[in-house]
Every structure is written in structure tokens, then in C-alpha cells.
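Residue numbers (the numbering used here), protein chains in the order written: chain S, 1 to 437; chain X, 1 to 437; chain A, 1 to 437.
Derived from the structure by calculation, the hints contain no laboratory data. Using N, Cα and C, we set each Cβ at its ideal position, and we do this for glycine too. Fair warning: there could be bad hints in the mix.
Chain X side only, calculated, beta carbon under 8 angstroms to chain A, not exhaustive [as the list claims (entries may be wrong)]: (1) V51; (2) P52; (3) W55; (4) P63; (5) D64; (6) Y128; (7) V228; (8) I231; (9) N234; (10) K239; (11) V243; (12) E290; (13) Q298; (14) P302; (15) L303; (16) D305.
Restricting the straight-line Cα-Cα distance to at most 20 angstroms, the calculated cross-link-like pairs of lysine to aspartate or glutamate (EDC-like) are [unchecked claim]: (17) K359/A <-> E353/X; (18) K408/A <-> D397/X; (19) K239/X <-> D397/A; (20) K233/S <-> D64/S; (21) K408/A <-> D270/X; (22) K168/X <-> D397/X; (23) K408/S <-> E321/S; (24) K359/X <-> D64/S; (25) K408/S <-> D305/A; (26) K408/S <-> D270/A; (27) K233/X <-> E166/X; (28) K359/S <-> D59/A; (29) K239/A <-> D59/A; (30) K168/X <-> E106/X; (31) K359/A <-> D305/X; (32) K359/S <-> E424/S; (33) K408/X <-> D397/S; (34) K359/X <-> E290/S; (35) K408/S <-> E237/A; (36) K408/X <-> D64/S; (37) K239/A <-> D397/S; (38) K408/A <-> E166/X; (39) K40/A <-> E129/A; (40) K408/S <-> E290/A.
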Amino acid sequence: MSSDSDLRAGERMYSFAQDLWRYPRSITGNGLRSTLNLLKTRLPELQIHEVPSGWKVGDWTIPDEWNLQRARLWDPSGQVVCDTEWNNLHVVGYSEPFSGVVTLDELQAHLHSLPGQPDAIPYVTSYYERRWGFCLADEVRRNLLPGTYRVEIDSTLRPGSLTYAELKLPGSTVHEILVSTYVCHPSMANNELSGPVVAVELAQYLSKLDERRYSYRFVFAPETIGAVAYIHKNLNELKQHVVAAFNLTCVGDDRTYSLLPTRDGNREIDRVARHVLRHLATNHHEYPWESRGSDERQYSAPLVDIPMVSIMRSKYWEYPEYHTSLDDLERVVSPAGLQGGFEATRRAIEILERDSLPKSTVIGEPMLSRRGLYSSLGAGRFSSLPQLLLDVWSYCDGTLSTLDIADKVRHRFDEVDQLIRQLETLQIVSVTPNYLR
Amino acid sequence: MSSDSDLRAGERMYSFAQDLWRYPRSITGNGLRSTLNLLKTRLPELQIHEVPSGWKVGDWTIPDEWNLQRARLWDPSGQVVCDTEWNNLHVVGYSEPFSGVVTLDELQAHLHSLPGQPDAIPYVTSYYERRWGFCLADEVRRNLLPGTYRVEIDSTLRPGSLTYAELKLPGSTVHEILVSTYVCHPSMANNELSGPVVAVELAQYLSKLDERRYSYRFVFAPETIGAVAYIHKNLNELKQHVVAAFNLTCVGDDRTYSLLPTRDGNREIDRVARHVLRHLATNHHEYPWESRGSDERQYSAPLVDIPMVSIMRSKYWEYPEYHTSLDDLERVVSPAGLQGGFEATRRAIEILERDSLPKSTVIGEPMLSRRGLYSSLGAGRFSSLPQLLLDVWSYCDGTLSTLDIADKVRHRFDEVDQLIRQLETLQIVSVTPNYLR
Amino acid sequence: MSSDSDLRAGERMYSFAQDLWRYPRSITGNGLRSTLNLLKTRLPELQIHEVPSGWKVGDWTIPDEWNLQRARLWDPSGQVVCDTEWNNLHVVGYSEPFSGVVTLDELQAHLHSLPGQPDAIPYVTSYYERRWGFCLADEVRRNLLPGTYRVEIDSTLRPGSLTYAELKLPGSTVHEILVSTYVCHPSMANNELSGPVVAVELAQYLSKLDERRYSYRFVFAPETIGAVAYIHKNLNELKQHVVAAFNLTCVGDDRTYSLLPTRDGNREIDRVARHVLRHLATNHHEYPWESRGSDERQYSAPLVDIPMVSIMRSKYWEYPEYHTSLDDLERVVSPAGLQGGFEATRRAIEILERDSLPKSTVIGEPMLSRRGLYSSLGAGRFSSLPQLLLDVWSYCDGTLSTLDIADKVRHRFDEVDQLIRQLETLQIVSVTPNYLR
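Pulled out of the complex, with its shape left as it was, chain S reads as follows:
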């Protein structure tokens, strides 16, 4: 498995995020469809599905489909205050169509801004109740002139469907790794264009591997309702095949690394994620399950119970630009940030793909000197013994896996994996794959 962990991947993901920026995404509608179609140009095998409005999924109902042409707000002097051509966040998500004139007083009930972040346009939605509204910077709102305002919200909100996409990469077994991300957030970068672009990069990386131990399932869906719909349609398959899952969100900035573990907190995938982060960053923040807030809420729900982790950079809720127009490709997300987000999950997958049960084939220690691995002159306290190689070998008893041994000798999985391959080549150990089940 060769690593494609160079900075070109970071640049490629960053540039793809720029291409995806402008679509007016929501949990349904054409902005979502255009996004998925653009993903399909990179992943031709991507299957796009529609779920009709009104269908019951789990405890939920698919809502009407929302399509926005444009939303604008003019002040009493005729100057444009908000325009979704400037920024999709200017309109409250799922705003019903409205065209008319209102006083500033009437308008205020429809405006959303953040006094504590006066230059930020907040991200506001009203999926399950009919409303209309605008979002704007508080410093703009505070200077609005008294008088009458013209409102033009050119949207439709009527029965249609919810769109999601799925990609399957078959492997040598039916055991599956699930990668889920969401595609409903308009014009924000870390939360959430980073998830989809890293997911695409991972899918391309995996599709190029000569062989895959696991089969892979990528899901690109709107958050919450999309995940619920996907689970509803695929529950038996998911429960039967998926042995571990990654939720890709907030994987684009270069500030820190974060982990949201599984509900249980001690599944194999948690150990894998912790191993990766321990060796990838000098420190990282592990959050408790109670801090969850993404699609693990659905995939790890009691009756679904898929062991899903989120290996993130700056976690949603925890960075100041979260859910505002400031979460963009200049301030927050960078090629290096995306590269790190990609690399963390790639390494976790590499562990799952390569973890093995090595077992010594010799009785007593191997004689390394006759294999040219050890100086023939024994002297003093600092011998030329390849200590790590022998430490690793000493644990090859057929019950400990590569990851177990890596954690025991406190080295990175891939280093230990390489030593085990060397021992295998020297015919000192035999190796069998170690599957998650």
C-alpha cells in the first residue's frame, strides 16, 4: 500500500473545495444535486439516489424540497443589503418564497446576526417550520436605515425529494468500512466542504490500491435526515457488514487534531484512531461521546450501533468561525489542513488493511549475525543489536497483532508493520491477516 500523502493531495482537495463553494446547498434541492454531480466527475461509480418528500424514515419524514433562485433585500434608499449571489448564507435555509415590502420593525423579526461577531453572517435554517429570513453581519444590521424594505425571496418549497449518493468499492471480503460525510452545508469550508473533498480523495486513493482487505462504502448525504434515510433503506446490510466507520467532518484546518470516539469508547476502531493521533500530532483533544453532534448520532444510535469515530481537525462548536461566513477557505481551511485530515483517516484505514497476527517460526531467538543483521563482535553496553527488530519479534506469538505490538513497543504502526514484513522475508515469522469482525 503506497502512501499518497504528499502535499499535492492537499492542493488538489483545496482546489476542489473552491469549485464546490458556490452551490446553494441545503438538505434537499438542486444545490445538493449539483454538488453530488460534481463529485461524480471525480468518482464515476458514484450512485445518486432520490428519496421522495413525505416518506417516513425512522422517526422522521422527508421534508418538502427547497430550491432557491435568489434572495435579495433592498433598504429604503434602494441599496441592496443582502444578496445570495454574494453569499448563500444571506438567506435562512428553507425560507419560503416571499416578495413584498416591510418596515424595518417588521423586518427585524426576520433578521439574524451575531452581536458578538459583528462581521460574521450566521448560518441559520428552518427545515421543519415555514419561515423566511435573512442573515447578515451585525455591523451592517446596526446601521440599517429606518423606513421600508423590499424583500424578494425567489424560492420554491414543495414536494420533491432528498438526494444522496453512495459509492461502493469491493474488497476481498464482505466486511465493510463505512465512510460517511455530509453535503448539505452551503458556503462554509471546514464544516462542511472539508468532509466531502477528503472523502473523494480517500475514495480515489482506495480505488487505486492493488488489493483491499475490506470493502468500502462511501455515503454523501445531507446531515441527520440524509443519514436517517440512508440507514432506513440499508439497515440490515449495514448491520451485517460494517465493522468500522469514519464520520468525515471538520477535517480541513491546520490548527489541531480531535477525536470523537465511539459510544462505547473502547472499540477496536477507537484504539486505531488513538494510535494514529498519538503518532501524528504532539497532542490531540479527545472529546467524550456526550460532545457528539454529527452523523454518529444516527449511525451509532442504539438499534443501529455501528462503531463510528470522527477523526477531526478543529471540532465543530470548538472554533470561533463555526457556522458563520468566517468559516471559509481563506481563514480556516488550508491545503495543509486538508492534507492532515486526509492523512489521519488514511493511516487508520492502513492499520485496518494491514493489521496482522505474526508468529515466530523459530524456537529461541533467531541468529541475526548470520543474516548480517548483527555485528559479530559482542562488547560493552551499546551493542549493534537491532533492538527494535528483536523486540517486535519477541511479541510474535500468534496472539498479538501488529497494532498490539506497535503499542507495546511504542512505535508507529507502519514502522512495526515494515519490520514484521522484514521478519517474514527472512522466514523468521509467518503472518496471517487480522480482521475486524
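Based on these hints, arrange chains X and A on the given structure of chain S.
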């Protein structure tokens, strides 16, 4: 299950302790019988039993019965120095009858006082060897006049019986909770009138419940020999039915909370007791098994092995007034202290009675907004999501109990229990009882 | 089991080490044979075995046999610089025969010294490649005169055999304790004459016991290749019978105590060793498995997997005199050091021999007062209760062993063992042996 945890219970227990104060209790005799008869006025179903002197129980033999009319000591000037009408502690428990005149020198071998606590009358007994003696304040003893003293110990010490009482409250199952306390201590308050009066209050509280998951067995017996006798007579029944037990001792002062866990230290009842104390007090003291000193020595003995905890206020041995006349209803025990002692065990019982295995009935998260539990407007980092309710629900997988979940989300059992009942009412979870077995 | 832990044992071991000092030991040859023959004078049952050069053992081949008559080096002025009659370390172990004249420049490639320890002769060997060389103090080497040097290495290096010895002490079961030490180190004291002399003392101690629960197997062999050869010849027997093993090395100085645990780190023998060291020394150093460097590398190798610990004084590599002429009987090893090394393993063996499963025979606590073990006068907080005896008894439930109980009450094994014997004599507990298996 409504809580009767108001201060009236504290006052009621305190007043009852005042009524019980004067009886000359010992491990046998009429002081003990009168005490049990007064308890029976509050618990009409109480069964009083007698075990004859000389019977073999376990490794022990029931001793002769001791009855004290009065014990007095006169100094050379004819002034009374000790009189059990003043305080039952003035005579050594189980003093044989004696009437005569002795010199001060001869008398000294029969006197007991505490130089380090000069105003305290110590509590001394001689159950298994024939003696007589007086206990008095060291400041009094130091000023005794030389000369001859008149001794009048009007007691009987001859074959009779040992008395104990038992109350059974049937529940919906044969699984039993045992509550044991002892009734042999004369004229001391925390150790031990607090245990009997809290036990009576608990029995009344439990008898008023509409339903009880468990059956309850209350034992009021003299310490050690009474417990051994009770176990001897009921061993098979105890081993078959009792799933958890509380030893009620030192539950009357308002200074602190203490726990003596089971011998193993990790039984379910230990978890329950720790949960209660963690949420009842800002901190409490947990003692090791090696600090035991009450009837868990018998009930948790190797071949009996009942998981018994003592949830105490100030533990025996650990407060300065222990086993002296200073352990009284003015200095040590208070209504608030008794109330806290009652409440701690009541809460532990509430957990045992209500602990359940909740299981979600929906696939994916419940949609709270359509149930009016969640604002329909999603915005910013501080949503109006009822986070605790969802955290609790997220653990409702049918394997974790209410107590497990309460410990995971770090909330009090009754708060989490109430949320689970709310989820049950909303038909989002189904609930089955979780029995100790 | 009476303890022979007096200082006479330390003196006896020390004096025996002095006797063994002069033999030119190596992994083969007559120095090794003479050493084993001298051990046999103390252990008449010792069986001495030869393994021919060229035999394959495990991953290794028995090398040619090396015998040294004498090695000398003369400087240009005719003065002797090195002579193995002065110190066996002066010649590189396994030096091939050589006789001739070389310039100082040519000679330098054959010299070994330690610039950081200018007064120490280093210990250097070249078992598996043909070389010759001298070891000397760096302060001597620095002052060597220019000119030609005469070299006389009177050795033979040709097919012969490797020698090891074995002693078996039968016990009441076929379960075995293995004690291994090595006899290949020339003229060094802690590493390694301490191991063989302590092993001899232990074997004598065990042979004098009235009964042994376990059978014992002592192996005296050259390090690494000797252990590999021994394992190769006895693998099935070892795997079938050996339940715990001690590697005796570096047990002669009085500076500290050290533990190298088993590979797993949590075997029963690890608990035993930790218990012994916790009670023997105010503190000791526990090393990780990765710090191993002795024959546990062979005995605990994956396919052999014997649980072996090394309970040491100053561990190899960790003391400044290690593997130099400074590791001698004056600077490093002392009678008290050897005594401590002996005592540590003796105590561990005592635990293995005596560990039991005590079980109470009485229901409820035993009545100690009628057995004269407890004052009949109950008073105050400081009773004369034999608390430790009752604590120990309270754990006698038939599932906890003497060692478990000793760890729970935090007392030394032999103290708790003695209390259990007392309880057995009083017929309050019954005792069954607790075998390692």
C-alpha cells in the same frame, strides 16, 4: 415512589430516639425487650424472638441473661458517686450482682475512666467473663476521697434468653433486601440509637409504597451475638434470597458521610452506595474493608457472604464522642443528621427498586422537534437541543441500566430515571426492570 | 520450611565465587568444564552434558570449541603488556591462535579499550567470526611505545563441544520450577559469578527441604547458545512441566533490587516477584520487557513461552562496572549482596511452595475470646482484638489465595501464611494447596 425526605422525618426520628434513651439495653435482658416492644408500637408486624442461653450458634454460645435493677456507688462520706438512674453507662455491662464495702484501693480495680476525656463516662462491657465495675468521668475519679466505699449492684446474671426482632415486607419477587441494625447499646445516640430509629423510618416508608420490586427483611438484634444467632437460624433463607444488605449504624450526626463497602468492594450494591454518596455530599469518606467493625463481620463472613454495605454519617471509632456518654442527642445526633442518614439509604433503595434496562424503539435519533422538545430553528453553537435527554437516549441500547447511564452522563439516578420515564411516555424507549440477583 | 537466610550463606557464596574466579570461561571449552566440575563438588547430582560443534539447535549452530592456554603481548622493549595469567579479560574471547610480530599500527586494529573508563579492561568476544585481539586499560594503551610488538596467543579453535549442566530435584508433583543461570563469563563478579553461586545455594537449600510441592530443574549453561541448545533438547518437557522460571543473573551487589518481569508482565510469577520486592526493599526498579538482555530471550521466546522473571540486584547494563574488569569481588559483589540476591528468589519460591486456598469452617466470625485470643473486656476504641488475624480470616472464602490475602491486607506473605496456619490449628479454616499450572 414519592420521597418522604422532608425534615419532619428527621424530627420524628429524633423524638423517637429520645423516647428510647432511658432503657438499660444490653445484649440480653429486659432493657432490650422493652426497646423492641417500643419499636413494635411503630411497626405492628414486628416479630419478637427469644434464643435460650446456652444454645450454640455458629462458633458462639448464647450467654446468660443479664438484668439490671440499679447500680450505685457511695463514697466514704455517703455521697452517691455513680447511679445508673443518672446514666446507664455508669455500670460495666454484664456486671454480676455485688453488694458490700470496699476500700478505695480495692475499688480502683473495678473503675473505668478515660484520662484523655476527663468529662466522659466510658462504655465498658464484660459479656464473656464474670466481673463487676463502674464507669465514671476521670475528673470525678481523680477526686475520690480515701476510705471505704459502699457498692450496690442489683443485677441478675443467669440462664434466660437473647431477644431479637424481625420484620418482613413482601414485594413482587422473592429477592430480598436485608436491613440490619442493633439494639444492644445503652444510652448512646449515634452508636447506637440512630440505626434503630432510621430503620423504623425506612420500614414505614417502604410499607407505604404502592409496590415493591423486592421483599424486605429488617433485623433488630444485639450486635455480634445477635447477628450470629439470626444468621444461624436463617442461613439458608438468607443465602437463597438476599441480594443486597444495609447495615444501619452511626446514621445520626450531621458531620459527614462515610461508606464501608462490601468485602469484595465491587459488588453492585457498592456502585449504588457510591453513586448515592457522590451526589448527596460534596465529599465522603470511603473506608477499606479492614476498617469494618459492625455486623457486616457476621453477614459478610466467608460462608455467609451477603453483600452488605454501611452507609454512615460519622463512622464508629472516628468521632471523639464514640463509646462514651458524650455520644448523646445534644452533642452528636440531630434531626438533620438522622434525616441525612435516612435519605442516603432511602436513595440507595430507590435505585434498587427503579433500576431498569431501557431500550430505544426507533432507528436513528428520535425527531424531537415534532414532539415540541426542540426548537425548529437551527442556529449557532448554542442550540436549544435537550442535550441530556438525547445523551440518555443514546445509551438506551438494552444492555445499559439506568444506573449505568446515570454514571456515564454524570447525573443523579432519579434525574436520569425521570428522563427515561419521559422517553417511555413518548414511546421512544421501552423499559424492563433490572433486578439484582 | 525453615529459612536459611543468615549471613553465613552470603559468606559461603562469596567464598565460592572466589574459588571460581580464575577459570578462563567461555561459551565452550575447558574453563567452562572446570567451572561445572567445581559446581558438581557442591551438587553431586549435577549432570554434565556435551553438545557437539556443528549441531543445529533452533536457529543456531554449535560453534567450534575454544581453548586458551595463555595469551601474551610484549612491547618493543620486551615488557609484557597483556597476559591472561593476570586477567582472563586481556584476550578477546574466541581469539584464534596467533604468534608473530606486528607494528603498533597493525596492532591497534586488534586492541580494545574504553576511553571513558581508562582503568578498566573491557570484556570483548568474537564467537561467530574468526579474529584475535587483546583488551586492556585505555590508560595503558595510550602510553604504548611505537615499534614492533610480539603477540603470542596460544589457543585452539576447532570442532569439539559445548558443555552445560543440569540438576533435577523431584517434588510431590510433576509441575516444575526452572532456575537458569549462565557459566560462560570469565573473571567478572556480578555478571556473572553471582548467578551460579546463588543457584548452587538455592539448590542446596531446596534439597534440604522435607517436602517440595514442585519439582525443580536447575540449568547451568553458556548464555544464549547454551540456553538455545538446552531448550532445543528439552522443549516438550519444558513446555509440559515448567510453570514458572527464574533467571539468575546480577544477584551479587548490595546497591539495589531490580525486576525484569515476564513478556506478558502479568503472569502469576510477576505478582509473586513484585510482592517479594515490595516487602524486601523500600523501593526497587522494575524494567520493561524491552530492557531484557539475558536468557529470558530464549526461554520466553514466542514458541517456548516459559514465564521467566529475573529478580536482580543491579541489572546488567545499568551499573558502571558492567562487562569490564571492574566488575569484581571487591568493588561490586559482596556477601551481603549475594545474601540479598539469594533471599529474594528464596522468598519467591517460598510463596510458590506455600500458597494456599484457605476457607473458613465457621458460620459468622469465630469467637476468639474463648480461645484466649481476645480480651473479654470490650471497651473504647482501641480494643485488644487481633485485628490482622480477623482480617485474614475474613478473606478465607476458598477463592482467595494466601498471596491474594497478603496483598489485600498489605502484609508480607510469610506473616499471613503463619496466621493462616494458626487459624488452621484452631480449626477455624481448612487449607488446600494452590498450585501454579
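Here's how the hints hold up against the structure:
1. V51: V51/X check fails; min Cβ-Cβ to chain A is 14 angstroms, beyond 8 angstroms.
2. P52: violated, 18 angstroms
3. W55: violated, 14 angstroms
4. P63: violated, 11 angstroms
5. D64: violated, 14 angstroms
6. Y128: holds, 5 angstroms
7. V228: Check passed: Cβ of V228/X comes within 4 angstroms of chain A, closer than 8 angstroms.
8. I231: holds, 5 angstroms
9. N234: Hint on N234/X: violated, closest Cβ of chain A at ~11 angstroms, above 8 angstroms.
10. K239: Nearest chain A Cβ about 10 angstroms off; hint violated.
11. V243: violated, 18 angstroms
12. E290: holds, 5 angstroms
13. Q298: Interface hint status for Q298/X: holds (4 angstroms vs cutoff 8 angstroms).
14. P302: Interface hint status for P302/X: holds (4 angstroms vs cutoff 8 angstroms).
15. L303: Nearest chain A Cβ about 5 angstroms off; hint holds.
16. D305: holds, 7 angstroms
17. K359/A <-> E353/X: violated, 34 angstroms
18. K408/A <-> D397/X: Status violated; Cα separation ~37 angstroms.
19. K239/X <-> D397/A: Answer holds: K239/X to D397/A is near 15 angstroms, not above 20 angstroms.
20. K233/S <-> D64/S: Roughly 19 angstroms separates the two Cα atoms, so the pair holds.
21. K408/A <-> D270/X: Within the cut-off at roughly 18 angstroms; holds.
22. K168/X <-> D397/X: Violated. K168/X to D397/X sits at ~36 angstroms, over the 20 angstroms cutoff.
23. K408/S <-> E321/S: violated, 40 angstroms
24. K359/X <-> D64/S: violated, 31 angstroms
25. K408/S <-> D305/A: Between K408/S and D305/A the Cα gap is close to 17 angstroms, so the pair holds against 20 angstroms.
26. K408/S <-> D270/A: Given pair K408/S, D270/A holds - Cα atoms ~18 angstroms apart, limit 20 angstroms.
27. K233/X <-> E166/X: OK: K233/X and E166/X at ~12 angstroms, within 20 angstroms.
28. K359/S <-> D59/A: holds, 15 angstroms
29. K239/A <-> D59/A: holds, 18 angstroms
30. K168/X <-> E106/X: Judged against 20 angstroms, a Cα distance of about 51 angstroms means the pair is violated.
31. K359/A <-> D305/X: Roughly 12 angstroms separates the two Cα atoms, so the pair holds.
32. K359/S <-> E424/S: holds, 9 angstroms
33. K408/X <-> D397/S: Violated, at about 37 angstroms.
34. K359/X <-> E290/S: holds, 18 angstroms
35. K408/S <-> E237/A: violated, 30 angstroms
36. K408/X <-> D64/S: Violated - the C-alpha atoms of D64/S and K408/X are around 38 angstroms apart, more than 20 angstroms.
37. K239/A <-> D397/S: Holds, because 15 angstroms separates the two Cα atoms, which is no more than 20 angstroms.
38. K408/A <-> E166/X: violated, 35 angstroms
39. K40/A <-> E129/A: violated, 32 angstroms
40. K408/S <-> E290/A: holds, 9 angstroms
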